[in-house]
Structures are given as C-alpha cells and as structure tokens.
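The listed protein sequences derive, respectively, from chains A and B. What the first sequence shows, in my numbering, is residues 14 to 297, in sequence order. What the second sequence shows, in my numbering, is residues 612 to 805, in sequence order.
In case anyone wonders, no lab produced these hints; they're calculated from the structure. Among these hints, one or two may not hold up.
[What the hints assert, rightly or not] With the Cβ distance kept under 8 Å, some of the chain A side facing chain B (calculated, not the full set): (1) Gly34; (2) Asp37; (3) Trp42; (4) Glu45; (5) Thr49; (6) Leu58; (7) Ser59; (8) Gly65; (9) Leu67; (10) Asn70; (11) Leu78; (12) Gly122; (13) Glu123; (14) Pro146; (15) Arg287.
All C-beta atoms in this analysis are idealised placements derived from N, C-alpha and C, irrespective of residue type, glycine included.
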Amino acid sequence: MTEHFSSGHADRVLLAGYAAGAVDEATAWSIEAHVTACTTCRSALSAQVDAGRLARNRSVLHVRLALGDTGRTRRWGIPDHLLRLLAATPSLRRSWLLSVVGVLAVVTGEAVLARYSLGGPVRGNPSQQALVPFLLVAPLLALAGVAAAFMPWFDPAYRLVAAAPFSGFTLLLVRATSALAVAMVPVACAAFAVPGPSWLPAAFLLPSLAVCALALAAVTVVGPLAAAAAAGAVWVLAVLLLAGAHLPLTVVQWHGQAVAAGVLLAAAAVLFLRHDRIELGWMR
Amino acid sequence: MTPEPGEPDDAVLLRDVARGDEDALAALYDRHAGWLTVRMTRRCARPDVVDHAVQDTFLAVWREARSYRGSGDVAAFIWGIGIRRLIDLTRRDGAARHRPPWRAAEPQVVVSAEDQVLAGLEHGRLGQALAGLSPELRAAIEATVLDGLTCAEAAVLLGVAEGTVKSRCHRARQALRAALAESPSPARKAWGTP
Numbered sequence: 014m015t016e017h018f019s020s021g022h023a024d025r026v027l028l029a030g031y032a033a034g035a036v037d038e039a040t041a042w043s044i045e046a047h048v049t050a051c052t053t054c055r056s057a058l059s060a061q062v063d064a065g066r067l068a069r070n071r072s073v074l075h076v077r078l079a080l081g082d083t084g085r086t087r088r089w090g091i092p093d094h095l096l097r098l099l100a101a102t103p104s105l106r107r108s109w110l111l112s113v114v115g116v117l118a119v120v121t122g123e124a125v126l127a128r129y130s131l132g133g134p135v136r137g138n139p140s141q142q143a144l145v146p147f148l149l150v151a152p153l154l155a156l157a158g159v160a161a162a163f164m165p166w167f168d169p170a171y172r173l174v175a176a177a178p179f180s181g182f183t184l185l186l187v188r189a190t191s192a193l194a195v196a197m198v199p200v201a202c203a204a205f206a207v208p209g210p211s212w213l214p215a216a217f218l219l220p221s222l223a224v225c226a227l228a229l230a231a232v233t234v235v236g237p238l239a240a241a242a243a244a245g246a247v248w249v250l251a252v253l254l255l256a257g258a259h260l261p262l263t264v265v266q267w268h269g270q271a272v273a274a275g276v277l278l279a280a281a282a283v284l285f286l287r288h289d290r291i292e293l294g295w296m297r
Numbered sequence: 612m613t614p615e616p617g618e619p620d621d622a623v624l625l626r627d628v629a630r631g632d633e634d635a636l637a638a639l640y641d642r643h644a645g646w647l648t649v650r651m652t653r654r655c656a657r658p659d660v661v662d663h664a665v666q667d668t669f670l671a672v673w674r675e676a677r678s679y680r681g682s683g684d685v686a687a688f689i690w691g692i693g694i695r696r697l698i699d700l701t702r703r704d705g706a707a708r709h710r711p712p713w714r715a716a717e718p719q720v721v722v723s724a725e726d727q728v729l730a731g732l733e734h735g736r737l738g739q740a741l742a743g744l745s746p747e748l749r750a751a752i753e754a755t756v757l758d759g760l761t762c763a764e765a766a767v768l769l770g771v772a773e774g775t776v777k778s779r780c781h782r783a784r785q786a787l788r789a790a791l792a793e794s795p796s797p798a799r800k801a802w803g804t805p
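Let the hints inform the model, and build the full structure from the sequences given.
The structure is reproduced here in structure tokens:
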C-alpha cells in the first residue's frame, strides 16, 4: 500500500494519527511495516512520544543494567531494581547488623555486670544508673541505621539512587523504615536481657521512632550528617540530663513517651510539608 | 533519532552491544525506544506496562545482541524481542484485560476525512476488506501476520485461548479472501462486470 506514503515516507499527520490510535487498521499495519524498514519515519514516529518519558525510562534502564537486573524477575510483586536498591542499603547488610549486635552486647553486659557486682538492686536509682549506657545507645543504633540509609558516602549504590527515577523521598522512607525495623529487633532482644523493668523492650520503640523521624525532618533543612548528629545529640542530652537528676529511666517512661510521641508527630508533619525538599538533589 | 552521516549504523551498534559496550546500547535506545513505545502502546493501554516492556526489551538486547545474525533490519530484530517482552509482562500482570479502548470503541482522536485525503490516504480494497472484519478477527490477524507471533503467543497478547486465535485467524482469512474476491475494484469497474 505504498500509495499511502506519498513522498515515499509516512506523513506527519498520519504518524500523529497512528500514535493517537486514530487510524484504521489497514493504515496502521502499513505504517508498522514501513516504519520497521525506514529510519526517517522511525525517528519521525519517535518524536510523537513524550521526551521526558523516554528519558525517565532511559535512566531506569541504566539503573537496572548496572544492578545486573536480568529483566525477568519481579519478586513479591516488587520490581527487581527497587529490591536491589533496597538490598544495597548499608544498614541492611550483615556486617552492619553484626556490629549493632556487638555494641548491644557490650552495653547489655555492662548493665548486667553493674547490677550483679553490686549484689542485686540496691533500691531504685543505682540500678537505673547502670542502665544509662544502654538507654544512650539503643535508639542511637536505630538512628545510625537510618542515617546510613540516607548518607551518600556510606552507600555504594548512591549514584544509582541519584539516577533512579522514583522519588528520592519514597526510597528514603522505604529504606529508613526497613533499617529501623531491622535495628529494633536486636535492641528489643537486648532489652530483655538488661536488668530493668519488664516493659523496657517495648519502651524503646517510640523514642527510637521519634529520634529517627527527627533526623529525617532535619534532613529537609540541613545536610544529612548534621541532621543525624543533631537528632542524636538531642537524645544524648535528654538521657544525660535525666541521669544527672538520677532518673534516667524517665526518658522511656510515661513522660518520655509522651514527649517522644509529640516529637514524632511534629517531625512527621515537617516531613509531610517539606518532603519535596528531599528530592535527589541533596544526595549528590 | 536519525543517525547522522558520520554515526555508526544499527548493525554496528548491535555488534558493539554484543561486545559489552553500554554506550552503544544507549545509542540504540535513543534511536529505537520512541517508536517501540508507540507501537507497544497500540497493543497495551497501560503506560507503566509499556515502559517496563521497553526497558525489558533493551535489557534483552543487551543479553541477546549476539544472537543477531547480521541480516535483516535491526528494528525488526528489536521488535521481535519487544513484542515477546510485552507478552511476558502481559502474562504476568494480567494486563490483557487492559486492551487499548479504541480497539473496541470508536477512536478518541479522529483523523478527519480531509486530513486523510491530505495525507494521501485512500481506502483501497484491502482497507475496505479489513474494515469489514470484526475487531477480534483483525486483532488475531495483526498478531499472527504483522507481529509474526505464534498462535500461543498471540493468545496471551489478546487474552483468549490458543484455539480461539486459530479459529479467528481462519475465519479472518476466509472473510478477507471473500471480500477481496467480491468487492468490485476501480479497475474491475472500468472493465465492466461480466
């Protein structure tokens, strides 16, 4: 049906109609057969596609290629390249988790020793003071895990993250949540071993969440390192001040939990309002 | 993008891709992703599935570039990979239910009769014969004849059973043969009907 292609090439109107699905079948077939063989018409047809869409796909292609994606797998309904980016999160690696467990073992052991070397609880405060290192460290471990999930220089895949087309914010939240969840498991386990009130394992969840959310909220204002340091400093300061007042456990008791909930809500609000500030720009 | 006079042609690029040259793959992408997207969109209305299929196509080109025999259009080679990637995704996502709406209904954007005339379009006998087919029969013919798919592959793309594709192709061929034999062509008119 070469008569459809007056100058030997498909007309622009015709190609636009084809791209919009507005030509009849016979014409569409002629165009497809022609375009397979004709470079000029191929590029004219390619011009009908949104250039931004093609560029986005191009960068996903690069990411998938660099991550060794075979283009075939999709596990648990999640695109393979997203899984691979997640798996490249430093704080989800085995070496990281081993160091978390190591630090927890030291502070837990310290608390246990401090208690039993004193020959049992000497009523209230002394045993609380023995808990200070554990109180200090536990949420900080969670914070470190989350921070490592957003610090470019810890992350070999960060160039790929920066090239990824999905929002940096989404990826950051996914990574931070998984890092936090993974860190909380050894923290809760260690809290069982620490001599302290029976509610201690559960009591770390809210303060850890609050400290991490604070760091994420701070990332919308300052650089990632400053944000993590500031959030960590807030926690350390709170624990040390209360330890100075001989009431370190207060930080995870009722008043502490209420303050943590407040901080969490405020940080979530800041994140919600300013999430567009966490685009890929700051990761470079 | 049309290759500039100095640029390597597609076959050369494909050879470079087979040697592991990522820049060559990027150049192939820039030349072919656009029309591939349009052509896939005619077969699957979901942009996310099409985008994924386009990426998968170039990942497959990356893997399978060596299987290109060096004869035939690179575009045809890429389409052969692309349509099968699209079928794979269609099978996985159950996207067969998301056929482009304009296959079943009237087109949203209509190229007016004047435009078609301006574009040099006339409805020849084949056009008329095809227009006489039901959309189902046309889709079956398109998948097997134009896309070069097997009946099993076409069945996945169209979301029907393999036997259905076979019988539709058979009916479509019969209908086309009958239409082409009966419809009076301009030439026949000039000769007069016996």
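Checklist entry - Hint by hint, which ones does this structure get wrong, listed from lowest number up? => result Going through the list in order, the structure violates hints 8, 12, 13, 14 and 15 and respects the others.
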